[in-house]
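**Q** Sequence:
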Amino acid sequence: MAQSKFQAVYMRGGTSKGVFFRDDWLPADAAVRDAVLLRVIGSPDPYGQHIDGLGGATSSTSKVVIIGPSSREDCDVDYRFGQVAIDRPVVDWSGNCGNLTAAVGPFAIAQGLVDAPRNGTATVRIWQANIGAKITAHVPMKDGEVVEEGDFELDGVTFPAAEIKIEFLDPAGDANESMFPTGNAIDVLDVPGVGPVEMTMINAGNPAIFVDAASLDLKGSELQRDVNGDSALLQRAEAIRAHAAVRMGLAASADEATQSRPHTPKLAFVAKPASYVASSGKHVDASALDINARIFSMGKLHHAMTGTGAVAIAVAAAIPGTVVNRLVANAHAPVRFGHPSGSLEVGAKAEQRDGSWTVTKAIMSRSARRLMEGFVFVPSSVTTK
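So that you can map any letter, position 142 of the sequence shown is 142 in my numbering, and since no number is skipped, the others follow by simple counting.
Hints in this document: simulated from the structure, not taken from any laboratory. Nothing here was measured: the structure is a model prediction, and the numbers come from that model. The beta-carbon is built from N, C-alpha and C at its ideal position, and this holds for glycine as well. Hints are supplied without guarantee of correctness; some may be wrong.
Simulated restraints, written as ranges between beta carbons of each label pair [as the list claims (entries may be wrong)]:
1) Gly-132 x Gln-49: 30 to 38 Å
2) Arg-370 x Asp-52: 22 to 30 Å
3) Gln-111 x Pro-192: 46 to 54 Å
4) Asn-119 x Ser-280: 28 to 36 Å
5) Lys-5 x Glu-198: 50 to 58 Å
6) Asp-170 x Asp-226: 33 to 41 Å
7) Asp-24 x Asp-226: 38 to 46 Å
8) Gln-3 x Pro-196: 51 to 59 Å
9) Ala-274 x Phe-377: 31 to 39 Å
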């Protein structure tokens, strides 16, 4: 039987990469669509290698994006993001990927979904359908084409590229009625097998959980090699994440959070600024940072920082009383934080209204590049189940 083929574009966005589709390139049936996307990436793969697919066997490279004309008058495109589990047949549509968000505008322009100026900057209004949030991307243009080459450097990405500015509007989105699902900037959660853990649970960019690095017996300057081989530590981290997901109203049980919702909420640990050597060998000096931060993604320590995690850090840093705010060296915008690949600067505008905190905007810079476009093939049996 011949294989089925689907038009696709392989793109890097920020420190992630994934397979991009227009919504009319994929099957309309959600179950068939997800089966196709799993096979495109190469999941589930008990070997954890993604040899038989386009995935890269990490949380940063096992991603899919679907884009189409917007259903809203105030946006240009609707954008859906799927985080594909490596070892399980799960496509998690619960959250956004802030890194791949940087590639949404360039993809939409290339596909003719957005009217862009021949030269200058194209403003692309994006509706992030997973979390119900508006995002604006500012994409450089020259001679009718998206500018991809440039001198903007992003720690975690090897080569410089053109800068794309991203504005997350009302980054708390509609995932919950409150930025703080519990109503508190800090809670203490008694996690089975771990004990009491002080944390900030917040909706900003994606649902996120922040703990002091000391809660995990860590320093906040760790790299992937220091964490991802420690199965006991990873189990403790997942227990905290899963039980916090229940407390945030995102899952009915910790087991459901682990099995069916591995993408969000994200767990991050933070610490006061400290110097360290990044994974590239680059020295990161404490004097250039406001805080150190590390984030888990799909059960492993992320190689850099998720884009939505960066947004959540900036938001939490701006609000008094959060775990992040208590540890940040200087509560100002933008916030400069250290991550395993280097450092990043993100700004957020927070204000208090009627006793509740709200954030109107979070801003960061990323870059994106088309890597390949054409057709991706999957066995025809996948589409006929």
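**Q** Given the hint of 46 to 54 Å, check if Gln-111 and Pro-192 actually sit that far apart at their C-beta atoms.
**A** Distance hint for Gln-111, Pro-192 holds at roughly 48 Å.
**Q** In this structure, is the beta-carbon distance linking Asp-24 and Asp-226 contained in 38 to 46 Å?
**A** 45 Å, holds
**Q** Do Ala-274 and Phe-377 keep their Cβ atoms within the hinted range of 31 to 39 Å?
**A** 48 Å Cβ-Cβ, so the 31 to 39 Å window is violated.
**Q** Within 30 to 38 Å or not, the Cβ separation of Gly-132 and Gln-49?
**A** 35 Å, holds
**Q** Is 28 to 36 Å a correct range for the gap between the Cβ atoms of Asn-119 and Ser-280?
**A** 35 Å, holds
**Q** Just to be sure I understand the hint, the distance between the Cβ atoms of Gln-3 and Pro-196 should be within 51 to 59 Å; is that true here?
**A** Between Gln-3 and Pro-196, where Cβ atoms are some 53 Å apart, the hint holds.
**Q** Do the beta carbons of Lys-5 and Glu-198 sit within 50 to 58 Å of each other?
**A** The hint (50 to 58 Å, Cβ to Cβ) holds, given that Lys-5 and Glu-198 are roughly 51 Å apart.
**Q** At the C-beta level, are Asp-170 and Asp-226 separated by a distance inside 33 to 41 Å?
**A** 36 Å, holds
**Q** That 22 to 30 Å hint for Arg-370 and Asp-52 (C-beta), does it hold up?
**A** With Cβ atoms ~24 Å apart, the hint holds.
In summary, the structure is inconsistent with hint 9 from the numbered list given earlier, while agreeing with all the others.
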